[in-house]
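Colleague: Sequence:
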Amino acid sequence: MSRAFNSFVRLQEGVYRFSRGGSSAASDGPHVTLVGGVHGNERIGVEVLDALRLAFLHAAPLSTANGLFPLVTRGSLTLVYGNPQAQRIGKRGSDPHADLNRCFPRDLLTNSVSTSDARSYEHRRARDLAPLFAASDLLVDLHSTNKPSPPFVRLSGHVSVPPRLWEVSGRLPTRMLLLDPKHLIGDGSVALTDEFVGIHGGMGVCYESG
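In my numbering, the protein residues as written are 4 to 213.
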């Protein structure tokens, strides 16, 4: 069996990049980022990342309802375990008031670090992840809800959804789409992972598995 990837690298804690097609093909993209465990008490995203990472490392294709598919054909796929500290303790954040998914403001790549932010694990983690997210062509952030809910996709910052984003969203297992054109979940400003990717030219998708 041929290997499912040409290269594998651990970029930082909880961040693993797989690429295929040689260095030039990988650098040409697309660069896809899959995020799980932004909240440490939401296990479904972590389990998806674990399954993908195991499949890559053992060169085993994943079985789907449509049969088998190659894990990576060109470009790169980066698996991001969003908040390792929160995952270790099984809590939403590393402390009771922390939320990594509110730590990605529009100017994160350029603003200075405040003393309070420097003390916060979530803010430090966001700064570590920001360059990777900003360079992503597509980011899908996997979440699960605290209360019973059907699965849904949330798209932020769009009144009219671009066709390519419709196509990507339509591949996820849900019939429900929530549009948040004014970033209301982040209190009216860019703050979430998918929103941060969107304002840097990529496509950001939040998938809530229910």
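Hints are supplied without guarantee of correctness; some may be wrong.
Said to hold, decoys possible - Listed next, with one range per pair, are the computed distances between beta-carbon atoms: (1) A138 with R174: 18 to 28 Å; (2) D190 with S115: 16 to 26 Å; (3) S115 with T177: 23 to 33 Å; (4) T113 with K150: 17 to 27 Å; (5) N44 with R122: 17 to 27 Å.
The hints are simulated quantities; they were obtained by calculation from the structure and are not laboratory data. Cβ coordinates follow ideal geometry from the N, Cα and C atoms, glycine included.
Colleague: All the hints need checking, so say for each whether the structure fits it.
Modeller: Tested hints:
no. : hint                       : result
1   : A138 with R174: 18 to 28 Å : holds, 22 Å
2   : D190 with S115: 16 to 26 Å : holds, 22 Å
3   : S115 with T177: 23 to 33 Å : violated, 40 Å
4   : T113 with K150: 17 to 27 Å : violated, 37 Å
5   : N44 with R122: 17 to 27 Å  : holds, 23 Å
Comparing the model with each earlier hint shows violations of hints 3, 4; every other hint is respected.
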